[in-house]
Structure formats: structure tokens, C-alpha cells
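**Student:** Throw the hints in and build the complete structure from the sequences for me.
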Amino acid sequence: MEKKEKLTIVLFSGELDRALACFNIVNTAASMGMEVTVFFTFWGLNVVARPGPRFGGGPIKSMLSLMNRGGAANLPLSRLNMGGIGTFLIKRLMKKEKMPTLEELIRLSKSQGVKFIACTTTCSLMGVTKDLLIPEVDSMAGAATFVEEARDSGISLFI
Amino acid sequence: MEKKEKLTIVLFSGELDRALACFNIVNTAASMGMEVTVFFTFWGLNVVARPGPRFGGGPIKSMLSLMNRGGAANLPLSRLNMGGIGTFLIKRLMKKEKMPTLEELIRLSKSQGVKFIACTTTCSLMGVTKDLLIPEVDSMAGAATFVEEARDSGISLFI
Amino acid sequence: MEKKEKLTIVLFSGELDRALACFNIVNTAASMGMEVTVFFTFWGLNVVARPGPRFGGGPIKSMLSLMNRGGAANLPLSRLNMGGIGTFLIKRLMKKEKMPTLEELIRLSKSQGVKFIACTTTCSLMGVTKDLLIPEVDSMAGAATFVEEARDSGISLFI
Numbered sequence: 001m002e003k004k005e006k007l008t009i010v011l012f013s014g015e016l017d018r019a020l021a022c023f024n025i026v027n028t029a030a031s032m033g034m035e036v037t038v039f040f041t042f043w044g045l046n047v048v049a050r051p052g053p054r055f056g057g058g059p060i061k062s063m064l065s066l067m068n069r070g071g072a073a074n075l076p077l078s079r080l081n082m083g084g085i086g087t088f089l090i091k092r093l094m095k096k097e098k099m100p101t102l103e104e105l106i107r108l109s110k111s112q113g114v115k116f117i118a119c120t121t122t123c124s125l126m127g128v129t130k131d132l133l134i135p136e137v138d139s140m141a142g143a144a145t146f147v148e149e150a151r152d153s154g155i156s157l158f159i
Numbered sequence: 001m002e003k004k005e006k007l008t009i010v011l012f013s014g015e016l017d018r019a020l021a022c023f024n025i026v027n028t029a030a031s032m033g034m035e036v037t038v039f040f041t042f043w044g045l046n047v048v049a050r051p052g053p054r055f056g057g058g059p060i061k062s063m064l065s066l067m068n069r070g071g072a073a074n075l076p077l078s079r080l081n082m083g084g085i086g087t088f089l090i091k092r093l094m095k096k097e098k099m100p101t102l103e104e105l106i107r108l109s110k111s112q113g114v115k116f117i118a119c120t121t122t123c124s125l126m127g128v129t130k131d132l133l134i135p136e137v138d139s140m141a142g143a144a145t146f147v148e149e150a151r152d153s154g155i156s157l158f159i
Numbered sequence: 001m002e003k004k005e006k007l008t009i010v011l012f013s014g015e016l017d018r019a020l021a022c023f024n025i026v027n028t029a030a031s032m033g034m035e036v037t038v039f040f041t042f043w044g045l046n047v048v049a050r051p052g053p054r055f056g057g058g059p060i061k062s063m064l065s066l067m068n069r070g071g072a073a074n075l076p077l078s079r080l081n082m083g084g085i086g087t088f089l090i091k092r093l094m095k096k097e098k099m100p101t102l103e104e105l106i107r108l109s110k111s112q113g114v115k116f117i118a119c120t121t122t123c124s125l126m127g128v129t130k131d132l133l134i135p136e137v138d139s140m141a142g143a144a145t146f147v148e149e150a151r152d153s154g155i156s157l158f159i
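Protein chains in written order, with the numbering used here: chain F, 1 to 159; chain U, 1 to 159; chain X, 1 to 159.
Mixed in with the good hints, there may be bad ones.
To be verified - Simulated restraints, written as ranges between beta carbons of each label pair:
1) U:GLU103 with X:MET63: 20 to 26 Å
2) U:ILE60 with X:GLU104: 45 to 51 Å
3) X:LEU80 with U:PRO59: 42 to 48 Å
4) U:GLU97 with X:GLU97: 40 to 46 Å
5) X:ASN74 with U:LYS91: 23 to 29 Å
6) F:GLU104 with X:LEU80: 24 to 30 Å
7) X:LYS98 with U:ASP138: 51 to 57 Å
8) X:LYS130 with F:LEU108: 48 to 54 Å
Honestly, the hints are just simulated from the structure, not real lab data.
Bear in mind the structure is a predicted one, so any value in this text is a computation, not a measurement.
Here a beta-carbon is modelled for each residue, glycine too, at the ideal position from N, C-alpha and C.
**Tutor:** Encoded structure:
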């Protein structure tokens, strides 16, 4: 039954609502004593990117990095974003209800020992290097590492 | 091997197509004798919301509830919605092919003993109380309940 | 522990980025000796559809097939598609970085023995017959087949 003691999540999405759902599950599982790993891939890299555009690596990468701004504080909603108005309203509501922000949830998960892995394939595609990511990211690794972790996990989710 | 007898789904999405996929899997698994739980969170709450806007809880919640109308009969498609035309066409096609509607799939799953849990965190964020949800919802609970269920499940999916 | 030797994925999404994530995981798991099954449903059918519109089955199906063009080479991004510009840029970047295309990843997975199943319910809804799908698709089956496979799998994902 030890298999059920691990949770592994692929965070593919870069939207605020999905990232909030991810980190709510992550923090809950960690507080219940589970060993948790989050594998950040594709748009999910934005969640652990330092804010601001990323440059370098040629014109296409620069253009993509400009359009695809990272940083947990800058993520849009997957629905009702409405040029940022919906996102602003949800954030205000969360504050009013005294809910933790995404950045706080990320820090909390780290203090609970959650492992953060950034996908090397996406990083090289998008021109993201380790120093462009927040320090909470433990390592960079490929899909094989995810599969290894998930094989040992009682719960594996793709978000 | 008893572990494989449970299926737990987080329904995060509030779109017709994803809800249909969810309830097709749910009903199939239940008819195969599996114990099934669906945990409705974020936009997924719309699937089990009573139709019409929800009010109360201050101006932001009222505004959000107006823009985010609930009810299984009112969900848009995640793609090709086109102001409702695509959704209308898919629904007509489903009717023509004599496929059950989402509302029918929900009722069927209930008659098969599927457990419906609404996420308390989302409910308090969006100002949704139990009486604004359809009676098929058994209870309201937090992420810890989901993690507990998923730990015991052979299949856990995030939709 | 033999349970952990199987991976089953529902590919519900029809976007290039999600399909790439799916086939990266699939190929990695297969190369690690896992038995892999991909169940293509709803928009995910586009990934294994032959290119070009599909006709027949009445006016609604024809209209939907025109708006919902299939083929692994024609999929849009889920974000930053921008009328195809973002998708074009990502594809150029992948080529420049010498990454395999989605079509190559699909062929590779097939050569590694990955099983492809197309969802019969979606096929009949959208008027898709076996000859409109790429030859890599092994069979057409319903949700019961997915549930059976997933029950035996150490990792099950909904993408």
C-alpha cells in the first residue's frame, strides 16, 4: 500500500485557475504526509518563471517570450479573463475571502517539501534557462523522470 | 486488487464537451460495478449549479455569477462555441443520434450511486451555497476529501 | 507490482501543444518498456484524422467537419494561436531545435507498439468512419474499453 503515498502532477497549463487547483491539491496532499512532485511543462513553465519577458536565443524565441509572459502573479484565467478584468475580480475576491495567493501557495508547498521539476524539452524549445525560473525549482529533467515518478505514485494527474 | 474498484474524478472544467466526456466515463465505470466519486471544483461547479445567475455576497460575486451562468443545460463548448452556434449544432446532432443529454447522463449516474461532492473552497469564493446546487450533490467538502478518495482509487482523473 | 507497467491516456484535446505533451509521455513510457494505450475521444479524434474536411452524414455533420478540420499537421495551439501565427512560430522553433514533429512522434509511438483506440461514441456523433482515420488506429471502441485498460494501469491521464 506504500504506492498510495505519492502524488505526481504534470502542470501543463499556465492559467491562474488551473494553477490554483494544482497547488490546492498539492498542499493538501503534502499536509497529509504524501510525497508530492510537480512536473512543469509547456505553458506550466510560466507558473515558475520569473516575471517579465525572456530574451535571447534568436528572434522567434524573443517574440514568443514577449507574448508569453511568465510569473505566478501574471497568469490569466482560462475563462472570463476578459482582458484581465475577470482575473482582477477573482484575485480581489480571493483577497477579500482571505484566501492565499498563488505565490503564497507555491511558497507553502515548498516549505512542505514538494519537489519542483521543470521540463527540459520545453525549456530548450522556449529558450528558458534555470536562472529564468524561480529558485523553488529543484531541477530540470525530461519526461522519463515524470514517468518514473508517476509509476510509483498512487495518484497521477495531468492539469 | 480491490484498489482498482474505485474511480475518482476532479471535474474542474465547466464546458459541455468535457462534462459529457466525464459523465460517459463515470456512467460506464459505475455500470461495471466501480465505486465512483466526482469532485466538482471551479468552473465544474457550473455543471451542478441550478440554472440562472446567482446573487448575494456583494457586488463582485454578483458580477461574476452573472457572467458565469450555471446549469448543465447552459454550458458552452470548449471549442467551436461560436456564440452558441457550435453548441446548438452539437446538441441537435446528439438528439438526432439519440444520445442522452448531459442532464440525462447526470441523472443516470445518480441512479447508479455515483457520489457528487462540491468543493467548499470554490463555493465560498464564488458565493455558492448548497441550495444553489442541484439536489444530486451529496455533500460539500475540501481538497482533503478528494485526496483521500483518490488515494484509494485505481483511476484518478483531472478533467 | 506489474500494475505499474501500463499507461493509459484519454486524449480528449485536439490542440498541437497538448498532443505533443501526450506523445512525449507516450514515447518515453513505451521506450521504458511500458504497455501504452491512447484512447482518442472528442477533439482528440482530430489528431488521428486524415487531413481535410469530412463529408457525409447530413448537413450538420458536414458543417461541423468543415469547421473542425482534422489531421496532425493542422492542429492549432491551445494558447497564442493568433490565427495560426503562434502555431507557425512554435513549429519553426521545433524544427530549428531539431525536435520531431507530431506526425513523427505518432509514427515513432506506433513503431514502439503503442495501441491507438478511437472512441466509437465520438465517431458516430461526428460522422467519422474508420477510413477517415489514419491507419495507425488499431480499433474503435467505447468507454468500457478505456475503463478496462485504465483499471489495469499504474498511470492513467486525461489530456
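**Student:** Could you check the hint for me, namely that ASN74 (chain X) and LYS91 (chain U) are 23 to 29 Å apart, CB to CB?
**Tutor:** holds, 26 Å
**Student:** State, for the Cβ atoms of GLU103 (chain U) and MET63 (chain X), whether the hinted interval 20 to 26 Å holds or is violated.
**Tutor:** holds, 25 Å
**Student:** Range hint 48 to 54 Å: satisfied by the CB atoms of LYS130 (chain X) and LEU108 (chain F)?
**Tutor:** Since LYS130 (chain X) and LEU108 (chain F) have Cβ atoms about 50 Å apart, the given range 48 to 54 Å holds.
**Student:** In this structure, is the beta-carbon distance linking GLU97 (chain U) and GLU97 (chain X) contained in 40 to 46 Å?
**Tutor:** With Cβ atoms ~44 Å apart, the hint holds.
**Student:** Range hint 51 to 57 Å: satisfied by the CB atoms of LYS98 (chain X) and ASP138 (chain U)?
**Tutor:** Holds: the Cβ-Cβ distance is about 52 Å, inside 51 to 57 Å.
**Student:** Starting from the range 42 to 48 Å, see whether the pair LEU80 (chain X) and PRO59 (chain U) falls in it by beta-carbon distance.
**Tutor:** Violated, at about 33 Å.
**Student:** Falls inside 45 to 51 Å, the C-beta gap from ILE60 (chain U) to GLU104 (chain X)?
**Tutor:** holds, 48 Å
**Student:** For the pair GLU104 (chain F) and LEU80 (chain X), does the Cβ-Cβ distance stay inside 24 to 30 Å?
**Tutor:** holds, 28 Å
Hint compliance for this structure: hint 3 is the single one not met.
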